[in-house]
Structure formats: C-alpha cells, structure tokens
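Spelled out, the chains give:
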Amino acid sequence: MGRMTDLPTKGGFSFDLCTRNEMLLKNGVQMPPFRKTGTTIVGLVFQDGVVLGADTRATEGPIVADKNCEKIHFMAPNIYCCGAGTAADTEAVTDMVSSQLQLHRYATGRESRVVTALTLLKSHLFSYQGHVSAALVLGGFDVTGPHLHTVYPHGSTDTLPFATMGSGSLAAMSVFESKYREGLTREEGIELVAEAICAGIFNDLGSGSNVDVCVITKGKTEYLRNYQLPNPRTYISSKGYSFVKGQTEVLSTKITPIQPKVEAVEAGDAMEE
Amino acid sequence: MGDSQYSFSLTTFSPSGKLVQIEHALQAVGSGQTSLGIKAANGVVVATEKKLPSILVDETSVQKIQLMTPNIGVVYSGMGPDSRVLVRKSRKQAQQYFRLYKEAIPVTQLVRETAAVMQEFTQSGGVRPFGVSLLIAGYDDNGPQLYQVDPSGSYFSWKASAMGKNVSNAKTFLEKRYTEDMELEDAIHTAILTLKEGFEGQISGKNIEIGIISADRKFRVLSSSEIDDYLAEVE
Numbered sequence: 001m002g003r004m005t006d007l008p009t010k011g012g013f014s015f016d017l018c019t020r021n022e023m024l025l026k027n028g029v030q031m032p033p034f035r036k037t038g039t040t041i042v043g044l045v046f047q048d049g050v051v052l053g054a055d056t057r058a059t060e061g062p063i064v065a066d067k068n069c070e071k072i073h074f075m076a077p078n079i080y081c082c083g084a085g086t087a088a089d090t091e092a093v094t095d096m097v098s099s100q101l102q103l104h105r106y107a108t109g110r111e112s113r114v115v116t117a118l119t120l121l122k123s124h125l126f127s128y129q130g131h132v133s134a135a136l137v138l139g140g141f142d143v144t145g146p147h148l149h150t151v152y153p154h155g156s157t158d159t160l161p162f163a164t165m166g167s168g169s170l171a172a173m174s175v176f177e178s179k180y181r182e183g184l185t186r187e188e189g190i191e192l193v194a195e196a197i198c199a200g201i202f203n204d205l206g207s208g209s210n211v212d213v214c215v216i217t218k219g220k221t222e223y224l225r226n227y228q229l230p231n232p233r234t235y236i237s238s239k240g241y242s243f244v245k246g247q248t249e250v251l252s253t254k255i256t257p258i259q260p261k262v263e264a265v266e267a268g269d270a271m272e273e
Numbered sequence: 001m002g003d004s005q006y007s008f009s010l011t012t013f014s015p016s017g018k019l020v021q022i023e024h025a026l027q028a029v030g031s032g033q034t035s036l037g038i039k040a041a042n043g044v045v046v047a048t049e050k051k052l053p054s055i056l057v058d059e060t061s062v063q064k065i066q067l068m069t070p071n072i073g074v075v076y077s078g079m080g081p082d083s084r085v086l087v088r089k090s091r092k093q094a095q096q097y098f099r100l101y102k103e104a105i106p107v108t109q110l111v112r113e114t115a116a117v118m119q120e121f122t123q124s125g126g127v128r129p130f131g132v133s134l135l136i137a138g139y140d141d142n143g144p145q146l147y148q149v150d151p152s153g154s155y156f157s158w159k160a161s162a163m164g165k166n167v168s169n170a171k172t173f174l175e176k177r178y179t180e181d182m183e184l185e186d187a188i189h190t191a192i193l194t195l196k197e198g199f200e201g202q203i204s205g206k207n208i209e210i211g212i213i214s215a216d217r218k219f220r221v222l223s224s225s226e227i228d229d230y231l232a233e234v235e
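Chains as they are written, first to last, in full-length UniProt numbering: chain P, 1 to 273; chain G, 1 to 235.
Source of the hints: derived by calculation from the structure; they are not laboratory data. Where is the CB? At the ideal position from N, CA and C, for every residue including glycine. Where hints are given, some of them may not hold.
To be verified - So, partial list: chain G residues that the calculated Cβ filter (under 8 angstroms) puts toward chain P:
hint, residue
1, 91
2, 92
3, 95
4, 98
5, 99
6, 193
Said to hold, decoys possible - Below, in silico cross-link-like pairs of lysine to aspartate or glutamate (EDC-like), each with a Cα-Cα straight-line distance of 16 angstroms or less:
hint, chain 1, residue 1, chain 2, residue 2
7, G, 102, P, 91
8, G, 196, G, 141
9, G, 89, G, 113
10, G, 92, P, 191
11, G, 206, G, 228
12, P, 122, P, 158
13, P, 220, P, 95
14, G, 102, P, 158
15, P, 218, P, 142
To be verified - Between beta-carbon pairs, the in silico distance windows are:
hint, chain 1, residue 1, chain 2, residue 2, range
16, G, 89, P, 143, 54 to 64 angstroms
17, G, 92, P, 91, 13 to 23 angstroms
18, P, 177, G, 96, 41 to 51 angstroms
19, G, 96, P, 115, 53 to 63 angstroms
20, G, 216, P, 29, 36 to 46 angstroms
21, P, 115, G, 92, 36 to 46 angstroms
22, P, 143, G, 112, 48 to 58 angstroms
23, P, 115, G, 59, 23 to 33 angstroms
24, G, 96, P, 186, 35 to 45 angstroms
25, G, 96, P, 19, 23 to 33 angstroms
26, P, 65, G, 59, 34 to 44 angstroms
Construct all of the structure, not just a fragment, from the sequences and the given hints.
So this is what it looks like as structure tokens:
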C-alpha cells in the first residue's frame with residue numbers, strides 16, 4: 001500500500017545506551033548509584049470496596065523535590081492506582097493505560113475491570129524487562145467486586161487483601177499486619193490506611209508530608225486529597241525576616257576596581273542622522 | 001462525457017477537474033439512510049433513521065450514533081462499516097491529543113483530524129474514499145457545535161443540516177423551522193418532525209435514533225422509550 005502518510009515514530013525504550021554502558025563498565029567506569037525515590041503507598045479491601053493511600057513527598061536523592069505531589073493516579077472512574085518508584089515512569093505508564101482503558105470502554109460499552117488494567121500494566125512492564133521502574137498498587141471496584149493488586153517493575157503481580165509498596169512499605173506493613181482484619185467498615189478502613197501512611201511518613205526518610213486517601217465503592221469513588229496534614233509548617237515568623245547591616249560579622253574587605261575594557265569613543269553625530 | 005475514462009482511478013483528475021471517485025462516494029452517501037443535526041442555543045441534537053433489513057434483526061444490537069469523546073458524538077449517512085473505522089481512528093486520535101496536551105480535544109480539532117483521515121484516503125494508492133458523510137456534534141468551551149465531514153475530507157460548520165436519501169426535503173424543512181434561539185427541547189422536536197417528513201412506515205422509538213448533548217457536556221444516545229415519549233409530545 002503506497003500510503004503517503006508519515007509513519008508514527010516507533011515509540012518505546014531505545015536500548016542503544018546499554019551497549020555503551022557495558023563498554024564503559026569494562027573500561028573501569030563506575031555506574032552512578034541508583035536514586036532511591038522513596039514513597040509509602042498502601043491499599044486495603046474493606047467490606048464495601050477498597051481504600052488506597054499514599055504519602056505526598058517526591059524526592060531527588062536527599063532533596064525533597066515536591067512536598068505535596070499526587071501519587072494516586074486516575075485509571076478509570078472506578079479504578080485508581082498508587083505509584084512508587086521513578087515518578088516519570090509511574091505517571092507515564094498510568095496515563096498510557098488509562099488512555100487504553102478509555103478506548104476499550106468505547107469499544108465495549110462497558111465499565112472497565114480491574115483485571116484489564118492489571119493485565120495492560122503487567123504486559124507493558126514485562127516487555128521493558130524492569131527498566132520502567134514503576135511499582136504500583138492498583139485498586140478498584142467493578143462488576144465482579146472489589147479488587148486490590150500490586151504490580152512490580154518486572155511485571156509480576158500479586159492479588160492481596162492489603163498491600164504496601166515503596167521505601168516506607170515495611171513501616172506501613174507493620175501497621176497492617178497487626179491491625180488488619182476482614183470486614184472493616186469504611187471509617188475503620190480509612191483510619192487504618194491513614195495510620196499506615198503516617199507510619200511511613202514518620203519512620204522513612206523517603207516518605208513525608210501529607211496523607212492522600214482514595215475510597216472506591218460500588219458506583220462511587222471519593223478522592224480525599226490531603227486527608228491528613230500531619231506536617232504543617234511551623235515557626236513562620238509573621239513579621240518576616242530582616243537582615244540589618246552589621247548583623248553579619250565582616251572578616252575581611254577587598255575592593256578591586258574594574259578596568260574598563262572599552263575606551264569611551266568621542267561622541268560623534270553618527271546617531272543624529 | 002470524457003469523465004468516464006477517469007472514473008475508476010481515484011488518484012487521477014478528470015479533464016473537468018473532478019475526482020470522479022469522490023463524486024461516486026457522495027452518491028453512496030446520498031443513497032444512505034437520512035440523518036440530520038440541529039444546533040440549538042444550549043446544545044446539539046443529531047438524529048437518524050434506523051431502518052433494519054428485516055424484522056428478524058435485533059435492533060438493540062445496532063447503534064448508529066456513537067461517542068468519540070464524552071462530549072463529542074457522531075452520526076453518519078452511507079456505509080456503516082466505513083463509519084465504524086472512522087470512529088475508531090477518531091477515538092484514538094482524541095486520546096493521543098489528550099496524552100500530548102492534557103486537554104480534552106476541542107471539537108474543531110477532532111473534526112479537522114477526522115477530515116484529514118478522510119482526505120488521506122482520496123490521495124493514496126490502493127485505497128478508496130470512505131462512503132460516509134459524518135455529522136459531528138459536540139459541546140466544548142466554544143459552545144455547541146455541529147460539523148459535517150464529506151468523503152472528500154471537506155468539512156463545514158452548520159446550524160442545521162441533513163444528509164442521505166431525503167436530503168433536499170429535509171433541508172428545506174429545516175430552513176423553514178430553524179431559529180437562532182431555539183432551545184434543545186425544541187430542536188429535538190424539530191429533528192423528529194424532519195425525520196417524520198420522509199419516513200416510510202410507522203415511526204417509533206425502535207426505528208430512529210437520537211443523540212443529544214446539552215450544557216452538561218455529556219453526549220448521550222436517547223433510549224427507545226425516551227424517543228417514544230418525545231414522539232408522543234410531537235403528535
């Protein structure tokens with residue numbers, strides 16, 4: 001077929017640099033250590049649906065890049081996904097699957113199912129062999145009931161009644177393991193999720209700031225952004241800060257006159273014309 | 001007419017400057033079932049006949065009016081399968097637009113992209129033009145909009161338009177009945193009356209289809225019982 005349209009650029013990961021990296025390693029150049037991005041994300045199943053929770057700190061190594069970012073991503077009106085790992089990877093992969101789910105909804109005329117989102121995510125992650133660093137907690141309520149899954153960067157998944165991921169996952173899991181039981185009510189579920197996230201916020205350096213919660217039940221989703229704010233900014237002086245001259249001790253003074261490089265030209269009438 | 005020698009090759013102009021295949025495609029549209037659209041002050045309505053080839057066909061399985069995005073819908077006259085292909089491509093393009101700009105695609109942009117696809121198929125080797133004209137109805141920040149896209153890829157914005165078998169009668173009827181400040185409810189009644197004009201047989205909720213979008217920006221196809229209610233009002 002002699003189509004004159006531009007072929008869409010083949011997307012996806014270019015593995016060219018991997019051969020370069022191998023060559024560098026062979027020549028003794030060390031790989032820089034991976035940046036652990038830090039997060040606490042959790043999910044649990046309660047009697048009427050699922051509750052998802054996440055902290056709101058985004059880190060770049062030892063620096064907090066975003067104090068109040070959104071880690072609970074929209075997949076479908078009845079499915080949400082928390083993302084840990086590289087922020088760009090989680091954003092891109094959840095946006096992409098969300099778009100695919102929308103197209104699928106138009107084609108089938110039905111509400112999306114959690115297993116559909118799960119399969120789309122895991123096949124994508126598997127095909128990138130773990131290079132897409134997205135660790136996700138996927139939860140939702142569809143015609144077959146409430147579902148909660150975890151997805152690992154290499155593409156494996158688990159189906160669980162309660163789950164935690166991210167650098168704060170151990171802190172959060174300790175809360176779940178001691179307090180989770182089947183048949184929690186909505187209020188109990190939200191409280192338990194908030195407690196687990198707070199455990200991550202206070203005990204893990206990679207997690208912090210606020211608690212986001214998302215409750216998904218039959219026919220209704222509530223996204224409780226900043227459900228708890230346990231880290232308010234304190235010690236803000238309302239008068240502001242002023243730095244009076246003389247407050248800082250002057251240790252030494254050196255004045256260097258700047259030599260003019262350009263000689264001042266005699267003012268001519270050139271511009272007057 | 002010297003045109004007939006040029007009528008089979010899509011990518012060759014005839015001496016009179018026409019692409020005869022596109023003329024033939026418009027013929028295919030003209031013999032399709034009537035469809036129409038009306039832009040009201042606070043929304044858009046599109047409607048079409050849904051004549052099925054036999055009473056044995058399950059009419060609930062056929063839906064001619066489709067959604068492209070939550071706030072843009074489309075109806076066609078002509079070859080149903082061609083319209084399905086176009087709707088599929090347009091849905092994908094709408095998603096790609098959203099992925100790129102994080103903005104819901106404006107109606108004009110989607111119309112433009114759909115028209116570009118239709119035009120591609122008039123200038124490529126080994127393909128034929130689409131045998132459908134589309135009426136695209138949407139509501140975005142620029143208010144309610146109604147566009148018609150032809151097999152050639154040209155598109156027009158209309159206040160009210162019709163396509164298919166009964167097009168000239170329908171358009172005359174619409175010209176008489178259309179007013180600038182029409183409300184959506186009036187537009188629905190007018191759409192039904194226009195369809196009724198050229199309808200063979202008994203009109204009912206089962207053999208016409210109506211899609212509406214109002215200021216809530218959610219395109220939806222009316223159920224056959226809702227259509228029956230409107231028909232009762234119109235009697």
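Status of each hint after checking the structure:
1. The restraint placing residue 91/G at the interface with chain P holds, with a minimum CB-CB distance near 5 angstroms, inside the 8 angstroms limit.
2. Interface restraint check for residue 92/G: the shortest CB-CB distance to chain P comes to about 6 angstroms, inside 8 angstroms, so the restraint holds.
3. With its C-beta approaching chain P no nearer than about 4 angstroms, residue 95/G sits inside the 8 angstroms limit, and its interface hint holds.
4. At its closest, the beta carbon of residue 98/G sits 7 angstroms from a beta carbon of chain P; the interface hint therefore holds under the 8 angstroms criterion.
5. For residue 99/G, the interface hint holds, the least distance from its beta-carbon to any beta-carbon of chain P being 6 angstroms, beneath 8 angstroms.
6. Hint status for residue 193/G relative to chain P: violated, with the closest Cβ pair at about 30 angstroms, above 8 angstroms.
7. At most 16 angstroms may separate the alpha-carbon atoms for a hinted pair to count; residue 102/G and residue 91/P meet this at roughly 12 angstroms.
8. A threshold of 16 angstroms between alpha carbons decides the hint, and for residue 196/G with residue 141/G the separation of about 33 angstroms lies outside it, so the pair is violated.
9. With a C-alpha separation of about 9 angstroms, the suggested pairing of residue 89/G with residue 113/G holds against the 16 angstroms cut-off.
10. Restraint check for residue 92/G and residue 191/P: the C-alpha separation of about 41 angstroms exceeds 16 angstroms, so the hint is violated.
11. Proposed proximity of residue 206/G and residue 228/G is supported: the alpha carbons are some 9 angstroms apart, at most 16 angstroms.
12. Among the hinted pairs, residue 122/P with residue 158/P is consistent with the structure: their alpha-carbon atoms are about 11 angstroms apart, no more than 16 angstroms.
13. Taken as a hint, the residue 220/P and residue 95/P pair is broken in the structure, with Cα atoms around 21 angstroms apart against an allowance of 16 angstroms.
14. The hinted pair formed by residue 102/G and residue 158/P fails the criterion: a straight-line CA distance of about 31 angstroms is larger than 16 angstroms.
15. Taken as a hint, the residue 218/P and residue 142/P pair is honoured in the structure, with Cα atoms around 7 angstroms apart against an allowance of 16 angstroms.
16. Judged by the Cβ atoms, the range 54 to 64 angstroms given for residue 89/G and residue 143/P is violated: they are separated by roughly 29 angstroms.
17. Checked against the hint of 13 to 23 angstroms, the pair residue 92/G and residue 91/P passes, with Cβ atoms roughly 21 angstroms apart.
18. Roughly 44 angstroms separates the CB atoms of residue 177/P and residue 96/G, a value that falls within the hinted 41 to 51 angstroms.
19. Judged by the Cβ atoms, the range 53 to 63 angstroms given for residue 96/G and residue 115/P is violated: they are separated by roughly 25 angstroms.
20. Our hint of 36 to 46 angstroms for residue 216/G and residue 29/P is violated, since their Cβ atoms are close to 60 angstroms apart.
21. A C-beta distance of roughly 23 angstroms is found between residue 115/P and residue 92/G, which places it outside the suggested range of 36 to 46 angstroms.
22. Judged by the Cβ atoms, the range 48 to 58 angstroms given for residue 143/P and residue 112/G is violated: they are separated by roughly 37 angstroms.
23. Taking the beta carbon of each, residue 115/P and residue 59/G are about 32 angstroms apart, inside 23 to 33 angstroms as hinted.
24. As the Cβ distance of residue 96/G to residue 186/P is approximately 38 angstroms, the hint placing it in 35 to 45 angstroms holds.
25. Here the CB-CB span from residue 96/G to residue 19/P is close to 32 angstroms, well matched to the stated 23 to 33 angstroms.
26. Take residue 65/P and residue 59/G: their Cβ atoms lie about 57 angstroms apart, and the range 34 to 44 angstroms is violated.
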